[in-house]
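Chemist: As you go down the protein sequences, you meet chains A and B in turn.
So the first sequence is numbered by this note's numbering: it starts at 2 and just counts up by one.
So the second sequence is numbered by this note's numbering: it starts at 181 and just counts up by one.
No lab work stands behind these hints: they were computed from the structure.
Possibly wrong hints are sitting among the right ones.
[To be verified] Covered stretches of chain A, going by a simulated chain B footprint (3 or more residues, C-beta under 8 Å): (1) 12 to 22; (2) 94 to 107; (3) 113 to 119.
Computed from a predicted model, the values in this text were never measured in an experiment.
The beta-carbon is built from N, C-alpha and C at its ideal position, and this holds for glycine as well.
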Amino acid sequence: MTPLVWLCRRETLRVSKLWTQTVLAPVISSILFILVFGLSLGGRINHVSGVEYDVFIVPGLITMGMVQAAYANNASSIFQARFDRYINDVLSAPMPTWQMNAGYVIGGVFRALLIGGSLLVLAWLLVDVPVANPFALIAAIGLGLLLFASLGVVVGIYAESWDFTTFINNIVILPLVFVGGVFYSVEVLPSPWEELSHFNPVFYLVNAVRFGFLGESDVSIWLSLGVTAALAVPVFLWAQHLFASGKRLKP
Amino acid sequence: MVPGWRSCVDSLDSVFRENSPALELRGLTKHYDDGTVALEDFDLEIPAGAFFGLLGPNGAGKTTLISAVCNLLRVTSGDIRVFGEPHDSMAARSWVGLAEQDINLDRFLTVHETLVYHGGYFGVSEPDERAEELIEAFGLESKRDTRAPRLSGGQRRRLLLARALMHRPRLVILDEPTAGVDFELRQELWRYIRQLHAEGTTILLTTHYLEEAEELCDEIALIRDGHLIARDSSLALREHFGVERLQDVYVKAMAS
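Go ahead and model the full structure; you've got the sequences and the hints to work with.
Modeler: Shown next, in the form of C-alpha cells:
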C-alpha cells in the first residue's frame, strides 16, 4: 500500500473512532431540519418550483450536512495534528506532497459521504426523494466536497486556534449555505436579493445537487457545475501549494 | 549508453553512496521569520556508523539542525545530504528516523496503530509484524491497544523511540531522548540505543547530559548560537581544552 492509502486509512479511522461526534451528531441535526421544516411547514407550503416542500429541501439539507462535515473534519484534523505536532510524522515521511494533500482531502470526503448517505437513507424513510440525474448528482457532490474538504485543509493549516476553525464555519460557510437556497427557491425573492443570491457560490452548489436529485434548478446545471469547479480547483491547488512549500506547516 | 556501462556506472554509484557520510551539511543557514538566526553557514559531516553527540545550550540551534535534516522546517540556504542523497529525496527521508524532544504522539491511535501507521507512511512492507516486534522489544505488550494519551511518561518515551525505529532507518536522530526520564528508564534507553549502534545504525544524539554524551558518543560537536565551536572525541576535546572533564570542556567552549 502507498503512503497515501495509509494516510487515508488514518483519517477514516479517526472518523470512525469518533463516530458519535463526526457522523451521528450532524446526521441528527440535519434530520431535525427535515422533520421541523419539511414536515411542519410542508403542510402550509404546497409546492416550490413544482416540487413538494418537504422533498424540495432535502437536497439542500444533504448538501449543507456534507459540506460542513468535509470542511470541519479537515480543519479540525489538521489543526489538531499541527497543535500536537504529530503532523511531523507525515511531513517527514517519504510521501510526495500531493499524497499528503489528497490523504487529508479524502478523509473529509469520506466523512461527508457517510453523513450524506445516512441522511439520504433517513430522508427516503420520511419523504419520496427521486434521483433524477445521477451523473449530475455525482459531479455536483464531487466538486462540492473537493471545494469544502480543500477549504478545511487550508483553514486547518492557517488556524492559530480552535476558535478560528469554528469562526470560519459559523461566519462564512453556514450563512452562505442558509442564503444559498436550501429552504427556498431564490426566484421567490424580491429584487435585489434574488440577484445578490447569484453572487453566492453555495447557491450554485445547492442548485447543482438539487438538479441531480429533482431534475430542476434555479440556474443551468452547467453554470452551477462550472462555478463550483472554478472555486474547487483553485482551493485544492492552494492546499497543495501549502504542503509543497511548507508554508505555515513548517517554521 | 551501452548496457554494460550502465550497470557499471550504477554499481559505482551504489559504492559511492555506501561510502557517503551519513549526514553532510554545507553552509546550512536558517533565519526564522521573527529574525532569529538559528544556524549560520553551518558545516558538519557525520560518518556512516558513527555515534555522534551534539551538545549546546538551549537555543544553540540543535533542534533547528535536526528539523532541517528531517524536512520539518524551511531552510534559508545550504545543502543537506543523507548518505549522499538530498535530504528531501524520498530515499533520504526513508533512511532517517527521528525521536523528537517533545512527545508528539497521535492522540487518536493506540500503541500498535501508532507504529503500524508510521510504518505505512514510511513504506514498511509488513508493518504489523514489525510493530509486534518493537512492542515486544520495548516492553509495551500490555499497552498494545492503549491510546497514547493514556500511557505513562516512560511508556510514551519508549513508544517515541520505537516509532523512530519502525522503518529500520540507517540514521537515527534522538533529540534529548532522556530529558525528564528517571534513572532506570535512562539506563534502559541507553541499552536500546547502544544495541542499535552495534548493529550498524548511525546515531545522532542531542543531550544536555554531558555524562550521557561522554558515555555513548564516539565524537562530540559543541555548538553555540548556530555555529560549530569544537568537534572531536571526548578525550581529544579534553586534551585540546586542557581539562579533565567534559563538563569543563563545555564551560570553556561556551565561554570562549
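Chemist: Evaluate each hint against the coordinates.
Modeler: Status of each hint after checking the structure:
no.	hint	in the structure
1	12 to 22	holds (count 4)
2	94 to 107	holds (count 4)
3	113 to 119	violated (count 0)
When held up to the earlier numbered hints, the structure conflicts with hint 3 and nothing else.
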